[in-house]
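One line per chain: the protein sequences are A and B, in this order. In terms of the working numbering, the first sequence opens at residue 1 and continues consecutively. In terms of the working numbering, the second sequence opens at residue 1 and continues consecutively.
Keep in mind that the hints were calculated from the coordinates and are not lab data. On a predicted model such as this, the values are computed, not experimentally measured, just so you know. Every residue, glycine too, gets a C-beta built ideally from N, C-alpha and C. Don't take each hint at face value.
[What the hints assert, rightly or not] Derived DSS-like pairs: lysine-lysine, alpha-carbon spacing no greater than 27 angstroms straight-line:
1. Lys-449(B) - Lys-36(B)
2. Lys-571(B) - Lys-530(B)
3. Lys-146(B) - Lys-135(A)
4. Lys-235(B) - Lys-4(B)
5. Lys-443(B) - Lys-113(A)
6. Lys-122(A) - Lys-449(B)
7. Lys-443(B) - Lys-135(A)
8. Lys-94(A) - Lys-115(A)
9. Lys-469(B) - Lys-528(B)
10. Lys-528(B) - Lys-611(B)
11. Lys-443(B) - Lys-115(A)
12. Lys-469(B) - Lys-153(A)
13. Lys-80(A) - Lys-611(B)
14. Lys-469(B) - Lys-105(A)
15. Lys-80(A) - Lys-147(B)
16. Lys-146(B) - Lys-37(B)
17. Lys-153(A) - Lys-443(B)
18. Lys-105(A) - Lys-146(B)
[Claimed, not checked] To give a feel for the contact side, a few chain A residues facing chain B, derived at Cβ under 10 angstroms:
19. Met-7
20. Arg-9
21. Asp-23
22. Ile-31
23. Ile-37
24. Trp-43
25. Cys-48
26. Val-59
27. Phe-65
28. Glu-78
29. Lys-115
30. Leu-144
31. Leu-147
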Amino acid sequence: MPTFVYMTRCDGCGQCVDICPSDIMHIDTTIRRAYNIEPNMCWECYSCVKACPHNAIDVRGYADFAPLGHSVRVRRDEEKGVIAWRIIFRNGEKDMNLLAPITTKPWGQCTPKLKEVPAPSKEMRDSQLLFNEPKYIRLDDGGLHTLESNGLKMQAGVCY
Amino acid sequence: MAYKTIIEDGIDVLVVGAGLGGTGAAFEARYWGQDKKIVIAEKANIDRSGAVAQGLYAINCYMGTRFGENNPEDHVRYARIDLMGMVREDLLFDMARHVDSAVHQFEEWGLPLMRNPKTGAYQREGRWQIMIHGESYKPIVAEAAKKSADKVFNRICVTHLLMDESKPNRIAGAVGFNVRTGNYHVFKSKTVIVAAGGASNIYKPRSVGEGAGRVWYAPWSSGSAYGLLIGAGAKMTQMENRIVLARFKDGYGPVGAYFLHLKTYTQNGLGEEYESKWWPQLQEMVGKEYLDPELSHRTHRPIPTCLRNHALISEVNAGRGPIHMVTMEAFQDPHLEEIGWHNFLGMTVGQAVLWAATDVDPKNENPELTTSEPYVMGSHATGCGAWCSGPEDVSPPEYFWGYNRMTTVEGLFGAGDAVGGTPHAFSSGSFTEGRLAAKAACKYIDDGKAEGIRVSDAQIERRRQEIYKPMEHYRVYRNEITAGSVNPNYINPRQGLDRLQKLMDEYCGGVTVSYMTNENLLNIGLKKMKLLEEDLEKLAAENIHELLRAWELKHRQLTSEAVLHHTLFRKETRWPGYYYRGDALKVDDENWHVLTVSRRDPDTGEYTMEKAPCYHLVDA
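With the hints as extra help, turn the sequences into a complete structure.
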């Protein structure tokens, strides 16, 4: 379902332009509002729908296979860490509200700044380990798996 | 044209494409290079870019060694049988032994991973998949990458890699343009990690018109991973191994959770189980070693994805379609029904829209399945990509040349779709490959391998001319005609894309020919591809947005040409259900239990093909 923009709700702020992964939400220079310039390159990913501060963007199923008259709307709230969906069928017989968490932590605060963590030792550099390893592999004291530790070897030829 | 040239100099690690592979690379590079300059160039906006832009409802690659579930070698064996033996097991083992540490960090960063209330372990969907509430998967990992990078350049379409002029076959950075301002961007860098995407939209899609956007892989996955690497002369592997997906019809909604967690199953239009009746005939094509339903039943060894496709395709061609997913049983359970819908909302909203539009309630009717047009990528059940070095403690000599995930071009690394022979990486594995590449890139610099790189102004100017040529071409010839898009001197990007898709579909095993091709067809395809390549020199772009589409098309064309050459080279049908060589309809282990490796000479455009040995992980 390619996106479209309601004339009365869009104020041309450009949030959708900024986020669209496909570069297809553009501002019309005459009416100074957003629109989908290339519906056949729209993945209906809803990135713009979620980003719009005025709920001005909606989606209408692809014309080549989706009949008219349905609705899938969404509200995403980063502060509350949830996303709320409402799905209404064309025949009106099904009307679902679905809620899901989008994060368990306050936004942006729990990813580490690797510039500030202690620098890796030479031994660590020469090993096969990555940041936070080996601890984060199993969250125990075990090491990294190797061919030796797992009793394996690489052998050329047919093997099933 | 008055576009500015903006030069970013002195970069140590340049990450091209910030999907899951690129975010992993940028994140990890900071740890190994705390004083290094790390820069990201991303075609869209890092917060919602790449294949995971929309979100995911599962992480499909998680070992669970912590919970006593699997070891890395178990995953290698799984990927091996699923890809009919054709994988790089050193790279797979390496990815699998690290991947859990990425997932555990995602949880710490706030990604909601579901837990099994009984065991306390992550909620399994299948043996390798865990279930997540992943609507914000991409913004969460983007946050980690942004904290690590010195600079993130959003909206830069990287078109070419820069080559060192003091030492042959060594990388020196990349160039591209800003899709908003139009400015020319030059990134001079000691190393480059290509983490751009695989290719959707190179085969004619089943949908027409607007629906062409509802491709299985993102429409913005323009094969740039391959276009950039092939353009730089890197060796590629397994490019014939395109993938066809069995999915819900039209919306291409995912079926993994339905099969594995909701326990739904398929049947033909008559309500019959159909897969098993195709096994005897298929076993004659591929051999009992690759298809042994009794063994699979006994040991839970999976039946390869392509072979299950084959059964679906054959059943439809036999006139007993459509194939249905039997949902009516599972969906009577309100909890499972909710999961079924959340699954779409979390990663393929379009399927929910389609069912709402067509009043398909899976509680009351069984939805249709179909097989998609082919896609070229390297992180799902397929392994297209660059021929990369593995880690020194695992790789045999043929697979090792100094730095993990380094391509055959010095200082040029890959991650995610860019790395060949590593299927089943998915999101977490691609992120992990990015981390591995980043560590290796830092080591490459610390070992002094990037000293004395020289990039002349002439090289930079030559690329500038090349990049804007479609706009210049448009300007010169536009006014020769009154109006419209029909011009004897040029084609526009959409016209070029249509031609590419038709060509690949008809000559290289697309959906309208039931995935069938042969040597004659491939040779004609290659001839026509050359003409298309010539015409792409006459591509016209009316504006910067069309220039973006022009370069995406050029990357798709380079990708497609490689697919044709590889498909021609491998004289067997290794993956029935992905494609068929009508002139060699059997698996031929005697001659073709090897990996295919190609190189396109950047100066002449000539291809050379070779076989590389296929190593397997066995008990010592």
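Cross-check of the supplied hints:
| no. | hint | result |
| --- | --- | --- |
| 1 | Lys-449(B) - Lys-36(B) | 15 angstroms, holds |
| 2 | Lys-571(B) - Lys-530(B) | 22 angstroms, holds |
| 3 | Lys-146(B) - Lys-135(A) | 24 angstroms, holds |
| 4 | Lys-235(B) - Lys-4(B) | 34 angstroms, violated |
| 5 | Lys-443(B) - Lys-113(A) | 20 angstroms, holds |
| 6 | Lys-122(A) - Lys-449(B) | 18 angstroms, holds |
| 7 | Lys-443(B) - Lys-135(A) | 22 angstroms, holds |
| 8 | Lys-94(A) - Lys-115(A) | 51 angstroms, violated |
| 9 | Lys-469(B) - Lys-528(B) | 23 angstroms, holds |
| 10 | Lys-528(B) - Lys-611(B) | 26 angstroms, holds |
| 11 | Lys-443(B) - Lys-115(A) | 17 angstroms, holds |
| 12 | Lys-469(B) - Lys-153(A) | 52 angstroms, violated |
| 13 | Lys-80(A) - Lys-611(B) | 55 angstroms, violated |
| 14 | Lys-469(B) - Lys-105(A) | 48 angstroms, violated |
| 15 | Lys-80(A) - Lys-147(B) | 23 angstroms, holds |
| 16 | Lys-146(B) - Lys-37(B) | 13 angstroms, holds |
| 17 | Lys-153(A) - Lys-443(B) | 26 angstroms, holds |
| 18 | Lys-105(A) - Lys-146(B) | 17 angstroms, holds |
| 19 | Met-7 | 20 angstroms, violated |
| 20 | Arg-9 | 20 angstroms, violated |
| 21 | Asp-23 | 6 angstroms, holds |
| 22 | Ile-31 | 18 angstroms, violated |
| 23 | Ile-37 | 7 angstroms, holds |
| 24 | Trp-43 | 5 angstroms, holds |
| 25 | Cys-48 | 9 angstroms, holds |
| 26 | Val-59 | 6 angstroms, holds |
| 27 | Phe-65 | 5 angstroms, holds |
| 28 | Glu-78 | 8 angstroms, holds |
| 29 | Lys-115 | 5 angstroms, holds |
| 30 | Leu-144 | 6 angstroms, holds |
| 31 | Leu-147 | 6 angstroms, holds |
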